[in-house]
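Visitor: Residue numbers (the working numbering), protein chains in the order written: chain B, 19 to 360; chain X, 19 to 360; chain G, 19 to 360.
Accuracy of the hints is not assured; some may be wrong.
Just so you know, same-sequence chains aren't split out, so a pair can sit in one copy or run between any two.
[Claimed, not checked] The list that follows gives simulated cross-link-like pairs (lysine-lysine, DSBU-like), each with its CA atoms no further than 35 Å apart: (1) K229 / K282; (2) K282 / K212; (3) K96 / K338; (4) K96 / K270; (5) K212 / K270; (6) K158 / K270; (7) K338 / K229; (8) K212 / K96; (9) K229 / K212; (10) K158 / K282; (11) K282 / K96; (12) K270 / K338; (13) K158 / K338.
Please keep in mind that the hints were generated in silico from the structure rather than gathered at the bench.
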Amino acid sequence: MFLREHWYVAALASELESRPLSRQILGEHVAIYRTTGGEIVALADSCPHRGYPLSLGTVVGEQLVCGYHGFTFDCLGKCVSVPGQDRVPSRADVRRFPVVQQGPWVWIWMGRGEADPTALPVTPWLVDTEGWSSVAGVAKIDAPFHFLVDNLLDLSHETYLHNGSIGTPEVATTPIEVEVDDASNVVRVYRHMKSVDCPPFYSRTTGLVGKIDRWQDVEYFAPGFYLLNARIAPIGEPPLEDGSDDHAFHMKILYGLTPSTDDKVYDFWALARDFCVGDSEVDVFLEQMQTAVVQEDVDALNILQTRAEAVLEVSEVSIKIDRGGLAARRVLAAMADSLTPA
Amino acid sequence: MFLREHWYVAALASELESRPLSRQILGEHVAIYRTTGGEIVALADSCPHRGYPLSLGTVVGEQLVCGYHGFTFDCLGKCVSVPGQDRVPSRADVRRFPVVQQGPWVWIWMGRGEADPTALPVTPWLVDTEGWSSVAGVAKIDAPFHFLVDNLLDLSHETYLHNGSIGTPEVATTPIEVEVDDASNVVRVYRHMKSVDCPPFYSRTTGLVGKIDRWQDVEYFAPGFYLLNARIAPIGEPPLEDGSDDHAFHMKILYGLTPSTDDKVYDFWALARDFCVGDSEVDVFLEQMQTAVVQEDVDALNILQTRAEAVLEVSEVSIKIDRGGLAARRVLAAMADSLTPA
Amino acid sequence: MFLREHWYVAALASELESRPLSRQILGEHVAIYRTTGGEIVALADSCPHRGYPLSLGTVVGEQLVCGYHGFTFDCLGKCVSVPGQDRVPSRADVRRFPVVQQGPWVWIWMGRGEADPTALPVTPWLVDTEGWSSVAGVAKIDAPFHFLVDNLLDLSHETYLHNGSIGTPEVATTPIEVEVDDASNVVRVYRHMKSVDCPPFYSRTTGLVGKIDRWQDVEYFAPGFYLLNARIAPIGEPPLEDGSDDHAFHMKILYGLTPSTDDKVYDFWALARDFCVGDSEVDVFLEQMQTAVVQEDVDALNILQTRAEAVLEVSEVSIKIDRGGLAARRVLAAMADSLTPA
Chain B
19 MFLREHWYVA
29 ALASELESRP
39 LSRQILGEHV
49 AIYRTTGGEI
59 VALADSCPHR
69 GYPLSLGTVV
79 GEQLVCGYHG
89 FTFDCLGKCV
99 SVPGQDRVPS
109 RADVRRFPVV
119 QQGPWVWIWM
129 GRGEADPTAL
139 PVTPWLVDTE
149 GWSSVAGVAK
159 IDAPFHFLVD
169 NLLDLSHETY
179 LHNGSIGTPE
189 VATTPIEVEV
199 DDASNVVRVY
209 RHMKSVDCPP
219 FYSRTTGLVG
229 KIDRWQDVEY
239 FAPGFYLLNA
249 RIAPIGEPPL
259 EDGSDDHAFH
269 MKILYGLTPS
279 TDDKVYDFWA
289 LARDFCVGDS
299 EVDVFLEQMQ
309 TAVVQEDVDA
319 LNILQTRAEA
329 VLEVSEVSIK
339 IDRGGLAARR
349 VLAAMADSLT
359 PA
Chain X
19 MFLREHWYVA
29 ALASELESRP
39 LSRQILGEHV
49 AIYRTTGGEI
59 VALADSCPHR
69 GYPLSLGTVV
79 GEQLVCGYHG
89 FTFDCLGKCV
99 SVPGQDRVPS
109 RADVRRFPVV
119 QQGPWVWIWM
129 GRGEADPTAL
139 PVTPWLVDTE
149 GWSSVAGVAK
159 IDAPFHFLVD
169 NLLDLSHETY
179 LHNGSIGTPE
189 VATTPIEVEV
199 DDASNVVRVY
209 RHMKSVDCPP
219 FYSRTTGLVG
229 KIDRWQDVEY
239 FAPGFYLLNA
249 RIAPIGEPPL
259 EDGSDDHAFH
269 MKILYGLTPS
279 TDDKVYDFWA
289 LARDFCVGDS
299 EVDVFLEQMQ
309 TAVVQEDVDA
319 LNILQTRAEA
329 VLEVSEVSIK
339 IDRGGLAARR
349 VLAAMADSLT
359 PA
Chain G
19 MFLREHWYVA
29 ALASELESRP
39 LSRQILGEHV
49 AIYRTTGGEI
59 VALADSCPHR
69 GYPLSLGTVV
79 GEQLVCGYHG
89 FTFDCLGKCV
99 SVPGQDRVPS
109 RADVRRFPVV
119 QQGPWVWIWM
129 GRGEADPTAL
139 PVTPWLVDTE
149 GWSSVAGVAK
159 IDAPFHFLVD
169 NLLDLSHETY
179 LHNGSIGTPE
189 VATTPIEVEV
199 DDASNVVRVY
209 RHMKSVDCPP
219 FYSRTTGLVG
229 KIDRWQDVEY
239 FAPGFYLLNA
249 RIAPIGEPPL
259 EDGSDDHAFH
269 MKILYGLTPS
279 TDDKVYDFWA
289 LARDFCVGDS
299 EVDVFLEQMQ
309 TAVVQEDVDA
319 LNILQTRAEA
329 VLEVSEVSIK
339 IDRGGLAARR
349 VLAAMADSLT
359 PA
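Could you build the full structure based on these sequences and the hints that come with them?
Guide: This is how it looks when you write it as structure tokens:
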């Protein structure tokens, strides 16, 4: 039921300190940790002996030692020692999952086959910090993955759910354009607002006052990566014909949508900006602001799920603002169908 | 499974301030709120767009605006605007439930047909305050509706469960009389205690000391309204032949029994008295005392439900004190049977 | 599914003060209390009237009075009075369970037949305090009974889970000997460690420093009683040929394993020692130390159960250290099989 042959964000690099991290991804428990040498490792989080979580164990050098009876594993998941005897049973190895760090995010490959490095989403603004600053975080939502897809593909909710930070009336009233690239499983939603108020999220950081032009260009790379290209500029000053756009402020708002179980999803986020670069006060402001915005989404989706659990079927009345979300559903359904043997 | 074609108490008037109230009644989520103009409105608490609770929205004048994407509804549940387009889909209306305020209580009609105003319980002591003072409250019980019916129909439990406030030994030992009016679905239970101790609940407010005559005349109007006519008087001084009873103290103890779900029930209560009228200290004393008494019932019924959930069948041994409760069960079962097509 | 015809520890004597204790044992709710005269009584914890827990009632002399409507029971479970009438229904009695106090532990017989006094485990170190001091406690584990059996039969986990108190590397590395007495349903596991470090648990109380000989001789009397005979002695000084062993320190570590429900178990424990007898500071130290050790087991087993609930089947890789636990499983399975009609 999960789309496994894809990269998903599994952790923030900052979460991987001395103790292993336990995370349930696509239904599987994974222990993620950094070895003494600095390598990031992800192993199935269940000791083959009696099922105790390996994430409760201890990292010793390049090895992970189970906290119950001491079964010990190397970075490839191979069991290298057990208590009370010299011979190590061959069945005692655990599965290792490929991981790749890109800036603040650690990506994981949960697929059955080999990891496909060319399928890894490209996030240069997080990795090559020349000209960009970024902050990142994560929240867990007690609602299904597709609730979060719906939420992010229809930003008109900013006006109501996030009206103190990023929402202004024009987000809800401005019509959208939707493009679907079925071959690449990408949904794009464009909303270009002209001569609108600058919301607190941007006025505080850009210094712009009064009316602005505000673009929200969404790219959803199904299933697990979402990129909102935000452009804030003085009125009537579009990018130049050569593509340069130095008079505007740009923010890349990235989301990693990672299903945990059927009814829970991790909401990883990162904000990269090409202004106030290196300004740690702006870092703090944006991190606090975005954490609050994400929590508003978490609260709303948790409530939706609580309600959905109580009824057999939730009927929906969709309107034009929903075209992006409905397109994403179709793309995801097609991807799932393609997994089914004919 | 619910008896829908009846009035139930849905809220205290005091609960309806600036923010909408969410309440689950007979299994349905209802958003109850007061408009800027003062009208009380009850709508189905689920936005037709994506199911977000309307109770989390904002009252703007006479309209309710959904807090997720801004679908907007008038007092009749008609959707009057949606974001991003001018045309409002015809399927976007929500159900409105008739409500009537009577003093501190707001009644609701959850039935499929038209509301029947003549079926509304009569509670003059709460509405016409001439000669009466009242206090009111509500508790939610994590146990089925019928547990609360059992509890209220057999007041012998006062002696044990409420022995610090309204219970004295004679409540349990004094035999009861039971009358059933099958045509009107009313069960009456009479307990007339002669020359008994005055419990703290009444001695503090009436000033009576030593022995009293104490009557408990219960009227249960199935399914949702219960009235305990309490009479406290000096020994051997019954009402006069002309019905006047000025030498006695009277209290009307009203309960609104409102099923929330199959296994939860709201326990609305109100106390009206014809003594110490207008004395706010007595108001405070009685409100605190009754809140504590109700909480004792809540705790007991919650525990009973926890136990009942763990067993397939709870066997019972009924005795004479249970005749009121058993009569109420028969009346309710007959009402339910009458709903079933022959 | 439970092995009923056995004695289980039901309570600590110290838990039976003025108020009845509610405990679920082998799936059944039991009210355990001490009468005014000092007798310990265990009755089915459900009033026959409406199922209210009798453990919420009041002990009045030798009787227990239900806290809801006052049904009253004697020490044999016979209902001796009900409210509102003189005649007591014959069906109103409740089941009484035989109990026996032995020192700090109260044993119960949940079997359908007569209690078998000869089957009661012998714990002289707790009862006859000549030459012995003891402390006792109890914890509840949200995991099945057999998880606790596994835990106690394989002490190699001390090295990892209890490494700050009773675990040293040699517990895990020292091979074990296992004996099974199928006729008596007893599993014995011997681990004799020579010239090893003395863990904090013993060094603090015995005063031994440096290397010691340390024996762990386990006797598991299936299903409900476990005895760890611990022997701490200077290096190379085994017991004398006549069996005397005065130069060693002995501790009896007793566990009462009492299934509560299918997936919960009570973990009663007692520590008896033949050194520092009567020293209350050592009592306090050992009680705190053992409480912490037991909590480490509780945490680990709760986590295992949380994981086990999420999967259909937990696969296991067993090694030599597991021979005691596997033997215990076989003995318990044989006992369960013997209950099944051929």
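Visitor: Taking the hints in turn, state whether each one holds.
Guide: Structure-based check of all given hints:
no. : hint        : verdict
1   : K229 / K282 : neither (39 Å within a copy, 52 Å between copies)
2   : K282 / K212 : neither (37 Å within a copy, 52 Å between copies)
3   : K96 / K338  : between (53 Å within a copy, 20 Å between copies)
4   : K96 / K270  : neither (40 Å within a copy, 40 Å between copies)
5   : K212 / K270 : within (20 Å within a copy, 64 Å between copies)
6   : K158 / K270 : within (21 Å within a copy, 47 Å between copies)
7   : K338 / K229 : within (26 Å within a copy, 75 Å between copies)
8   : K212 / K96  : between (58 Å within a copy, 32 Å between copies)
9   : K229 / K212 : within (8 Å within a copy, 81 Å between copies)
10  : K158 / K282 : both (7 Å within a copy, 29 Å between copies)
11  : K282 / K96  : both (30 Å within a copy, 34 Å between copies)
12  : K270 / K338 : within (25 Å within a copy, 56 Å between copies)
13  : K158 / K338 : within (29 Å within a copy, 41 Å between copies)
In the structure shown, a violation is registered for the earlier hints numbered 1, 2 and 4, in ascending order.
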